[in-house]
Structure formats: C-alpha cells, structure tokens
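Enquirer: Listed below are the residues making up each chain.
Number of protein chains: 2
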Amino acid sequence: MSHDPAKTARIDFEPAGVEVQTIPGESILDSARRAKVRIASACGGRGICKSCIIHFTGGDIPPPSANDRDFFSSSKLGRGWRRACQCSAIGDSRIHVPARARAESARMQVDGSEFWVQPEPLVEICTIELTRPSLAYPKADFDRLVDRLSMEKGSREWTIDPETLRSLPATLRRNHWLVQVVIFENEIIAIQPTQTRLVGLAVDLGTTNIGIFLVDLHSGNTIASTGIENPQGIYGSDVISRIGTAAQHPEKATEMHRLVVDAINQAATSMCEAHQLATDQIVDIVVAGNTAMHHLFTRLPVRGLGLAPFTPVITRAMDFKAREICLKSAPGARIHMIPNIAGFVGGDHTAMLIGISAHTESRTIVALDIGTNTEISLLHQGTITSLSCPSGPALEGGHISCGMRASTGAIEAISIAGDSLRIKTIGDTDPIGLCGSAVVDATAAFFLAGGLNHRGKIARDYRHTVLQ
Amino acid sequence: MSHDPAKTARIDFEPAGVEVQTIPGESILDSARRAKVRIASACGGRGICKSCIIHFTGGDIPPPSANDRDFFSSSKLGRGWRRACQCSAIGDSRIHVPARARAESARMQVDGSEFWVQPEPLVEICTIELTRPSLAYPKADFDRLVDRLSMEKGSREWTIDPETLRSLPATLRRNHWLVQVVIFENEIIAIQPTQTRLVGLAVDLGTTNIGIFLVDLHSGNTIASTGIENPQGIYGSDVISRIGTAAQHPEKATEMHRLVVDAINQAATSMCEAHQLATDQIVDIVVAGNTAMHHLFTRLPVRGLGLAPFTPVITRAMDFKAREICLKSAPGARIHMIPNIAGFVGGDHTAMLIGISAHTESRTIVALDIGTNTEISLLHQGTITSLSCPSGPALEGGHISCGMRASTGAIEAISIAGDSLRIKTIGDTDPIGLCGSAVVDATAAFFLAGGLNHRGKIARDYRHTVLQ
Numbered sequence: 077m078s079h080d081p082a083k084t085a086r087i088d089f090e091p092a093g094v095e096v097q098t099i100p101g102e103s104i105l106d107s108a109r110r111a112k113v114r115i116a117s118a119c120g121g122r123g124i125c126k127s128c129i130i131h132f133t134g135g136d137i138p139p140p141s142a143n144d145r146d147f148f149s150s151s152k153l154g155r156g157w158r159r160a161c162q163c164s165a166i167g168d169s170r171i172h173v174p175a176r177a178r179a180e181s182a183r184m185q186v187d188g189s190e191f192w193v194q195p196e197p198l199v200e201i202c203t204i205e206l207t208r209p210s211l212a213y214p215k216a217d218f219d220r221l222v223d224r225l226s227m228e229k230g231s232r233e234w235t236i237d238p239e240t241l242r243s244l245p246a247t248l249r250r251n252h253w254l255v256q257v258v259i260f261e262n263e264i265i266a267i268q269p270t271q272t273r274l275v276g277l278a279v280d281l282g283t284t285n286i287g288i289f290l291v292d293l294h295s296g297n298t299i300a301s302t303g304i305e306n307p308q309g310i311y312g313s314d315v316i317s318r319i320g321t322a323a324q325h326p327e328k329a330t331e332m333h334r335l336v337v338d339a340i341n342q343a344a345t346s347m348c349e350a351h352q353l354a355t356d357q358i359v360d361i362v363v364a365g366n367t368a369m370h371h372l373f374t375r376l377p378v379r380g381l382g383l384a385p386f387t388p389v390i391t392r393a394m395d396f397k398a399r400e401i402c403l404k405s406a407p408g409a410r411i412h413m414i415p416n417i418a419g420f421v422g423g424d425h426t427a428m429l430i431g432i433s434a435h436t437e438s439r440t441i442v443a444l445d446i447g448t449n450t451e452i453s454l455l456h457q458g459t460i461t462s463l464s465c466p467s468g469p470a471l472e473g474g475h476i477s478c479g480m481r482a483s484t485g486a487i488e489a490i491s492i493a494g495d496s497l498r499i500k501t502i503g504d505t506d507p508i509g510l511c512g513s514a515v516v517d518a519t520a521a522f523f524l525a526g527g528l529n530h531r532g533k534i535a536r537d538y539r540h541t542v543l544q
Numbered sequence: 077m078s079h080d081p082a083k084t085a086r087i088d089f090e091p092a093g094v095e096v097q098t099i100p101g102e103s104i105l106d107s108a109r110r111a112k113v114r115i116a117s118a119c120g121g122r123g124i125c126k127s128c129i130i131h132f133t134g135g136d137i138p139p140p141s142a143n144d145r146d147f148f149s150s151s152k153l154g155r156g157w158r159r160a161c162q163c164s165a166i167g168d169s170r171i172h173v174p175a176r177a178r179a180e181s182a183r184m185q186v187d188g189s190e191f192w193v194q195p196e197p198l199v200e201i202c203t204i205e206l207t208r209p210s211l212a213y214p215k216a217d218f219d220r221l222v223d224r225l226s227m228e229k230g231s232r233e234w235t236i237d238p239e240t241l242r243s244l245p246a247t248l249r250r251n252h253w254l255v256q257v258v259i260f261e262n263e264i265i266a267i268q269p270t271q272t273r274l275v276g277l278a279v280d281l282g283t284t285n286i287g288i289f290l291v292d293l294h295s296g297n298t299i300a301s302t303g304i305e306n307p308q309g310i311y312g313s314d315v316i317s318r319i320g321t322a323a324q325h326p327e328k329a330t331e332m333h334r335l336v337v338d339a340i341n342q343a344a345t346s347m348c349e350a351h352q353l354a355t356d357q358i359v360d361i362v363v364a365g366n367t368a369m370h371h372l373f374t375r376l377p378v379r380g381l382g383l384a385p386f387t388p389v390i391t392r393a394m395d396f397k398a399r400e401i402c403l404k405s406a407p408g409a410r411i412h413m414i415p416n417i418a419g420f421v422g423g424d425h426t427a428m429l430i431g432i433s434a435h436t437e438s439r440t441i442v443a444l445d446i447g448t449n450t451e452i453s454l455l456h457q458g459t460i461t462s463l464s465c466p467s468g469p470a471l472e473g474g475h476i477s478c479g480m481r482a483s484t485g486a487i488e489a490i491s492i493a494g495d496s497l498r499i500k501t502i503g504d505t506d507p508i509g510l511c512g513s514a515v516v517d518a519t520a521a522f523f524l525a526g527g528l529n530h531r532g533k534i535a536r537d538y539r540h541t542v543l544q
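Chains P and H, in that order, give the protein sequences. Residue 492 in our numbering sits at position 416 of the first sequence, and the numbers go up by one each step. Residue 441 in our numbering sits at position 365 of the second sequence, and the numbers go up by one each step.
The shape of chain P in the complex, shown without the other chains:
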C-alpha cells in the first residue's frame, strides 16, 4: 500500500475510543488536540520532553523522525512507539495512548485559610428612587438619575458605562423607578433591582491550575471556590513553551486567551448557579497570575518575555472593562490585574506579598510560592528581594524519563526500609510513573541510604539491592 502524506487519514485513539480525520501535515499531537483526546505535552510539542509518548497498534505506522530515532531504542521504534509531536499520520491507523501520557485531571486542592477581613470593595452601592417623567418634568433618564445621585453621594463628574446606559430606561421602568446603583469611582457600572446581592470574582491564574473564588462584597466571605486546570496546558505545561508558541503564532495566542476566558466563564457560571446568583451580579473582578499568564489573559504580546532581557509590556496595575475580553459580569464591571514585579515574578507573587502584609513586615522572612514556576522573596530590613525559577516541569515529570503529573497511578511517595523499596501510588493502583513528590522522596531516600554523591548524582560505586 502506498501512502500520500498530502491526503487525510483516519486515526482511532485508544482507549478513549475517539476517531478523527487528520489534516495533511498536522502532527498526531495536533490531531489529538482537535479531537479533544488529551495527550500530555509538557514542552508544548517542541520535541524536547518525553511526555507525549504514543503507541501505534495498527494501520499505517509512520517512519520514525530523526529526533525520535535518537530518543527511542530501535526495539521500541520497531514496536511502533513514537512521540505524538514528532510524527504525522501517513494512512489510517490505531494509536494507543499509554496511561502516563493521558493528560488526565491532576489531583487538585483549592484551599485557603479563610481569615476575616474587613471588606473594602472598590464599588459603592446606592439605592435611588426617582420621580416618573412627566410633561412638567421631562428630563432625560440619566440626567434625573445624576441629580438624585448627587444629592445622595455628593456632586461628582458622574459618567455611566455605555452598555449600562443602554439598559437604563428599561431597568428604571421595570423596577418602578426604584433601583440599586453600583458605582466605581465616578462611573455608574450597573443598575439593578434593589437588594440585589453584589459579588466579586477573584482569580488565581496559575500556569497549571486556576483557582476561582466568588466573594460576597457585603460580608467579604467566600461564597464558593473551585479549582480547574488551565486549559492552555495543551500548548505546553511550562510558560516558556506557551510564550514561544504565542510569540510565533498570534492566532494561537488568541486561542490561549479564549481558552482561559471560557474556562473562567464556565466555572463562574456554575458557581453562580449553585448559589442562585446571576453572572451580572459580579460587579468587580481581580486577577493575579505570573507575567506570562497576565499577558496572555489581557491579550498583550508575550514575545518580550521569551527573549533576554525578558521585558514585560507592563508591570503596573491594569484596569479594564470585563466585557472587552468577554468575561461574564455586570455590563460595566472592571477587571483589576494585580501588578507584576518583573518578567518572571508576576502578580501572583505580588498578591502573596500583599496577603502577608510584606510592606509592613519587620521580621526577616523567606516567602515561597511553589508552582509550575517558583518565586521566592526575602524580606529583610524593609527590602524585598525576589527571584524565580522553573519548578513545574521537574516536579510534574516534564523532563524526567519516567515522570508524570500527580494523577491516578502516579507514584507519590518512595522510601527505602532495609532492603525493600516502598512505594505509594495515587488511587492505590498499579504504578505508571513518578510525580513530583516521588522525585523528592527518591532523592531523599537514596541520600539517606548513602547512594547520592555531593552533586546529587548516584555514586558510581554504590550498590544496593533496591537499585539493581
């Protein structure tokens, strides 16, 4: 049978049981993305990690790429093992995605030690009753509202969000001229029935996970919180992969932006529904993320973050209308982006420093935020010194030959007791690979067993039964 790589083919992905028609030239990884078959890809398809390993089990098997020939043993190549980012279909085929390459949902905890804060929302609320318009008093709806508002709140240069203004006449009449006005600075951002509960949305935009919190603006209490995976993961698990892809392909940057906004919208909508809230009761939004997540979320170019001297577009606080990026909320609601510190120390770290009141702290403290990227700040004598280093790829198996994320089947704990190696897997199932905590555990166990030299490498002359 002869193959024409310019033609499309059919791939059956196992065990998902999903079939997809390929596009000529597209990598298997991209075909899988289109078919929503999740294949792990720590480096985002650049061919430098080992996470997207697949097994051709039938049909036409593409010849191995030079890169894959260096990567796999000839025996494995012969049996149909490839990396999904390094080959394209040459005809109909069946592909088995092994357990450790299935980018399944990682175990996730969204915890926060709830501590009481005096809520100081940026929005103000004012209940207003207006007289009905008449021939004797035919003043425009907005102008009458402003007259009344100035009586209640004092004179300001009142403005109104245009979208809110469009709904003003109908809202006033439907509510019999008695409404609740939501104000940000001197702008009216929403008009609602009185007693409408006002909520805020706080988003911790991580490279791997996104934490979303719905907060009551009256009490300051968290109404609901949820953790979701950052769906940009299909473009690489580390920020460098995503920066590279976004800088080279503007349309993929747009797609990364859309993926995150859609995911937050979906999570916020279901949290609202569960608490009998409408998304237009969200009147204020705050987002913290590392600089790359910040730029992708606000649709700023990320090219500068990928090249020395790693210049961000902006580090200052940013403030813009949520509807400009289609985030569901009250029509005039704003998103406040926590300011970044530098290219690789982002707003998430700023948020942590604010959270521990670093600006008023007099003790010497080291504050760590361990994530896909780890940022560390040293607070000492009124100075804060920050640095960052990538940690996720190492901890999550991106560059470890048997590494994987912390999902079912991952070895999460290792110890050596006498002659035996003890392991514990997530879900207590058969082991598939090592997740981050096992890498740390293994290092510790081998060190304690005397098997590591001073450089952290396995000592050349070391012999132990568990290491045979």
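Hints are supplied without guarantee of correctness; some may be wrong.
[Said to hold, decoys possible] The calculated lysine-lysine pairs, modelled on DSSO-like cross-linking and capped at a C-alpha distance of 30 Å, are:
#, chain 1, residue 1, chain 2, residue 2
1, P, K215, H, K215
2, H, K215, P, K397
3, H, K215, H, K229
4, H, K229, P, K215
Because the hints were derived from the structure by calculation, they are not lab data. All of these numbers come straight from a predicted model, not from anything done at the bench.
Put chain H on the given structure of chain P with help from the hints.
Expert: Okay, now just chain H, sitting in the frame of chain P:
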C-alpha cells in the same frame, strides 16, 4: 394560474434592471431594500405617505390592500398602481418604479464659512525617546514610557488604552524607541511615528444628510469635507418613522446604527486616502445630531422619544471609545457627543448655539436651524428659549400629493407673471414633482396673486387662469 403567497417569487425592478427573489410575506418595499433598489419612503413604510408609489407592468399583480383602495382611484388600481409598502408579490412580476419614487441622490451642498479659530484640541502630543531595554534596565515597556512621560508632562496617574498597549512593544521597536505619544486627559490613546499628522473628525449627523469634516488638529483648518445622504432614509425620511421602527424592532435599530457608522467610515476613509492620511491618524471625533440621530448612533433605546413626555435617555455630553461602535480611528480615539437639549432639540442645535457664542451674546437674536426638523432659539436678555417642529416631510414632499425631494426633475421655483405660471426644474428637465422650495414659492406666488386666504388656504371664490 394559482398563487401561493407562502412561496417566493421573482421581481424585475425597472428601470434599474435589478432582479430579486422575494421572501414570503415581505413587502415590495422590503424586497427593494434588500435588492438595493432605492424607492422613496418618507414615512418608512407605515402606509401614511405617498412616496413609494410603484407600477406593476407585468406578471402577477397583487390585489390592492384596503388601504390602497382608499388611496388610489379604481382606474389607477386597475392599471396596476400600488404603494410598495402596502403589497407583497404573489408571483413573478415586473415593477416599474416611476421617477418621483426613485430615491435618487438629492442635491446637496456642504458649505461652511471657514472662519479662523485658535485650535484647542482635546488631545495632547508628546515626542518621546526611550532607552533600549537591557539586562541592567529590563523595565517593562509601558513603565519606561510613563517614567519618561512624567518627566516631559509632569506626574499624572497615567493609563493607556488596552488596544494601544497591545501595539506598544512592536511600535517602539519599529520606530527605534522614538515615538509620538497622543494623550487624552491622563490616558495614552495612540503611539505613532514622530511627525505623524494628527486629524480630527467632525460629523454633523442630520436626519437626511450627514456632513463630515476632516480637520487638522495642529492648524485647525478643514482638510476636506463631504456631504452624504443618511442611509437610514430607507427607514423613513422623518425621525418619527425611524423612532417607531427602531422601538418596535431592535434588530432594525441595530441596522440603522450600522448603516450610519458604515457610511461615515466609508466617507472618512476616502477623504483620508485623498490626503495621504491613514484612518488611525484620526485621534478625536465630535458628533452633533438631533436627539433621535444621537440615540441611534450611540445605540441608545429611542422608545422614550416616540411617546409623551418624549424623554431622552441622556442629554448630557457623552464620551466613549470610537472602537466600541467600530468607527475607524486611532485605537484609543474617543467620540464626543455634543449634549442634547431635549427630546426634539438635539446636539446639532447645541452646536449651532456654541457656534454663534450664544452664551456670551447680549443682543436679542432668533437662530434657526432648518432641516428635516427645524429648531428655533430665541436669545433674549441672557435666556435661551428653544422649540422644534418637523419641517422636512413638508419641504421634501413626504406628505404633499405631488411632492418629491430636490433631485433631477423636481420643480424648484414657481412664479406667476401675468397669466402664465413659470416653473424651473432641477437639471432643466421635464417636471416630475414639487420639492420644498417650490412649495414655498407656490405659496408666495398664490399669495401675491391674491389667491390665498388668511389661513393659507386657496380662497373659495378665487379664479385665475393658471389655477384652472
């Protein structure tokens, strides 16, 4: 031949030579609109004016509606005369659109007595040179710009339009770190190469015609001006028709908005091209129109303008980003809407009062703005009293049985000399109907000939050869 009104049919419009497939239930007027065959419609299709008269000259002729039976003589009905808004196709047919119903371009003059004003643009310009980023100075692009700008212009709470921020890194690098910054209040609204000429757009948004002026913001001179028809005319020539249609059909309000924005974009683009300007050199825009045009342009609901007590949504000045309504300009350019006075005295009248410095005028003056709607202000002892009345439909033939707009074939002047009636038509062609100036002339001529009574009606016992 039997007809199924639920089926589509083909209409040939003569003399345009345009063919269109109908949609079941659609009026001939709506079919013509879709096919871009222009049929005059002073009342916007409500069946109360006489402007959309058509003649079925072949094919299946629909039976006359009750409304048309009251309107036409049975002889005319028998010969296939109908009003386009009062009937639908019942089968393939050929329709002749008579000359006076062809909504051809009216004669238009866009004149302005150019008087010298000291330009006081709302935008500021600042030329800035930045140092290149380096590992020793890796500050974010925007933050470095702000530092430099604060040195030049003093410290402010500088913000930047998000769309402008997105283009900032590329613009800085393309221009070797030397740029021109355009500022509105404390917001950076555009970043351009140095020496870029900055222009403003002034729009006089009339019900019938739109005047568009491109102004050099450095000198205050008008670079170019043009007059175009308001394309909303297909929804009626007077504001009442358009308000009614827009209030009842939100999708038609959206369409009216889009028609005006597209028309202004097209005119602005060709004026810019003719003067080697790009539309993103437009950094400030001011729009004046009557309250209905103002609301339709800004996508505000107009329902209140059509019902007593004729309440506008807003009369105060409004200010919003041009891109929110897709008007071509610099990314962060704003549109300033001249404030309205009341439901039927709009920003166009305010502009006229500003133009004559009404606020500092000490003489007693009557100021008139004659258009489709006429507004009159009396300036007396520091008080300005304004009123408005519709005038266009009368002047443009909307409710006159032989009336038409001032296009080729319209009688524009009438006088009585002895026993003979003298007429002058536009284009010196055969007369088709009367335009506004002829209505005024006829009234004057008959009055001078002693034929009008004190109520302006033709005297019952008056006999004159030219009136036989």
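Enquirer: Now, for every hint given, state plainly whether the structure supports it.
Expert: Results of checking the hints against the structure:
Our distance criterion of 30 Å between C-alpha atoms is broken by K215(P) and K215(H), whose separation comes to about 51 Å. Restraint check for K215(H) and K397(P): satisfied, since their Cα atoms lie roughly 26 Å apart, inside the 30 Å limit. Proposed proximity of K215(H) and K229(H) is supported: the alpha carbons are some 20 Å apart, at most 30 Å. Among the hinted pairs, K229(H) with K215(P) is inconsistent with the structure: their alpha-carbon atoms are about 40 Å apart, more than 30 Å.
This entry does not satisfy hints 1, 4, going by the numbered hints stated previously.
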